[in-house]
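K.L.:
These are the residues of each chain, in order.
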Amino acid sequence: EAGVVQSPRYKIIEKKQPVAFWCNPISGHNTLYWYLQNLGQGPELLIRYENEEAVDDSQLPKDRFSAERLKGVDSTLKIQPAELGDSAVYLCASSPTRAGELFFGEGSRLTVL
Amino acid sequence: GENVEQHPSTLSVQEGDSAVIKCTYSDSASNYFPWYKQELGKRPQLIIDIRSNVGEKKDQRIAVTLNKTAKHFSLHITETQPEDSAVYFCAATPNQAGTALIFGKGTTLSVSS
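First to last, the sequence lines map onto chains Z and G.
Every position in the first sequence, counted from 1, becomes a number in our numbering once 47 is added.
Every position in the second sequence, counted from 1, becomes a number in our numbering once 6 is added.
Don't read these hints as lab results, they were simulated from the structure.
A few of these clues could be false.
Unchecked claim - Over 10 Å on every C-beta distance to chain Z, these chain G residues come out as not near it, computed from the model: (1) Glu21; (2) Thr30; (3) Gln51; (4) Asp55; (5) Asn59; (6) Glu62; (7) Thr84.
To be verified - Simulated crosslink set (DSS-like; lysine-lysine; CA at most 30 Å straight-line): (8) Z/Lys118 <-> G/Lys48; (9) Z/Lys109 <-> G/Lys111; (10) G/Lys48 <-> Z/Lys63; (11) G/Lys77 <-> Z/Lys58; (12) Z/Lys109 <-> G/Lys48; (13) G/Lys74 <-> Z/Lys63; (14) Z/Lys109 <-> Z/Lys125; (15) Z/Lys58 <-> G/Lys48; (16) Z/Lys125 <-> G/Lys48; (17) Z/Lys62 <-> G/Lys111; (18) G/Lys64 <-> G/Lys77; (19) G/Lys64 <-> Z/Lys125; (20) G/Lys74 <-> G/Lys28; (21) Z/Lys62 <-> G/Lys48; (22) Z/Lys58 <-> Z/Lys109.
In this text, a Cβ means the ideal position worked out from N, Cα and C, and glycines have one as well.
Next comes chain G alone, as it looks inside the complex (with noise of 0.2 Å):
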């Protein structure tokens, strides 16, 4: 099955630095990596998704990149803002039927002013 691999587990930033995320894949049938959001207390929310047809996708200040010869997918964040601080997850899944998404550990980032 599927293993999604995350780094760093933390990290700290300046406000209007850049942050990047990294995260490995096992399964080279995987063709969907979504990027999810959750705020303390809150609701993993879809920030950005990408899928195997593309290498590149971006969403004003993120982006997120994919090598599937590598089987890395990365989060890009620029111009990093306080409200930006929250835990981010990573996920893969083949996107075929009956595979659900399989997440990685996470990353809590923080943004300092």
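Chain Z with its partners taken away, still in its complex shape (with noise of 0.2 Å):
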């Protein structure tokens, strides 16, 4: 079974500019996430969907950050316009209920110069 993918692995821009990311999650799992892990922190919430809905997104920064999962499956993460303090790896997972583990994908690191 594939887990959850995500990519780009890697990006680099300049500030200002957007980024957006992409997540595939298990098949069949219904809730998604999207996790901000800082160098040397534990991963933070920014945004959980059941199904299509955002049922908590009290922690992404609205202003520049949005967020969406279309038919409930795939979910892209977007941020426009980038500041230096973006940079981070932004980590997605999924899970089978709202409860319970949480499966990761490997992660996209950005890098904002």
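The task is to assemble the complex, starting from two chains supplied on their own in separate frames and drawing on the hints.
P.N.:
Here it is, written out as structure tokens:
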């Protein structure tokens, strides 16, 4: 069974440029999460989806971040415009239910210059 | 909301020794406590979890204990091996509809041979 797939794995951009990350969860997993992981820190929740509905986006900086999960499967996370402080790893995770084990992707490492 | 504190931030042991990592949580409603292992440049992966109706759970060299009264839980690794070297994250969640995992800041475990 394929795991959670994320792309790109690495992205280097200049500040004020836009960037987008894509996530394909494990088949059949209705719950999808985007987490932010700064160097030396634990993952921090950005947004959680139940199917196509964003049920928890309280930690998403909505002035520059947006996310969507059309058709309740793949998801994209966008930053526009990017700032220096956005440099981090963006982790996508999915789970078969709204409670229990999270399965993480390899992450997308963003460097903003 | 939930807050998870994790200690120590770094831990160095000799191969064969035991390692203990401790976490405290703030939300008395939390009832699911997983531990994730993240090797350098890799995705976090679940290694063991415990639910609030259980005080201790063991899986080969790994065990987790939970004290709900004191609101803390611990990871115990016995007979450590160099391949145990990684960053370990504890997490907690009330495991209810609308709640995602809240992670600690992580413990970097180094096992030297």
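K.L.:
The structure should be examined with respect to each hint, and the outcome stated for every one.
P.N.:
Here is how each hint holds up against the structure:
{"no.": "1", "hint": "Glu21", "result": "holds, 25 Å"}
{"no.": "2", "hint": "Thr30", "result": "holds, 14 Å"}
{"no.": "3", "hint": "Gln51", "result": "violated, 7 Å"}
{"no.": "4", "hint": "Asp55", "result": "violated, 7 Å"}
{"no.": "5", "hint": "Asn59", "result": "holds, 14 Å"}
{"no.": "6", "hint": "Glu62", "result": "holds, 19 Å"}
{"no.": "7", "hint": "Thr84", "result": "holds, 23 Å"}
{"no.": "8", "hint": "Z/Lys118 <-> G/Lys48", "result": "holds, 29 Å"}
{"no.": "9", "hint": "Z/Lys109 <-> G/Lys111", "result": "holds, 24 Å"}
{"no.": "10", "hint": "G/Lys48 <-> Z/Lys63", "result": "holds, 28 Å"}
{"no.": "11", "hint": "G/Lys77 <-> Z/Lys58", "result": "violated, 40 Å"}
{"no.": "12", "hint": "Z/Lys109 <-> G/Lys48", "result": "holds, 28 Å"}
{"no.": "13", "hint": "G/Lys74 <-> Z/Lys63", "result": "violated, 46 Å"}
{"no.": "14", "hint": "Z/Lys109 <-> Z/Lys125", "result": "holds, 10 Å"}
{"no.": "15", "hint": "Z/Lys58 <-> G/Lys48", "result": "holds, 17 Å"}
{"no.": "16", "hint": "Z/Lys125 <-> G/Lys48", "result": "holds, 22 Å"}
{"no.": "17", "hint": "Z/Lys62 <-> G/Lys111", "result": "holds, 27 Å"}
{"no.": "18", "hint": "G/Lys64 <-> G/Lys77", "result": "holds, 19 Å"}
{"no.": "19", "hint": "G/Lys64 <-> Z/Lys125", "result": "violated, 41 Å"}
{"no.": "20", "hint": "G/Lys74 <-> G/Lys28", "result": "holds, 13 Å"}
{"no.": "21", "hint": "Z/Lys62 <-> G/Lys48", "result": "holds, 26 Å"}
{"no.": "22", "hint": "Z/Lys58 <-> Z/Lys109", "result": "holds, 21 Å"}
Comparing the model with each earlier hint shows violations of hints 3, 4, 11, 13 and 19; every other hint is respected.
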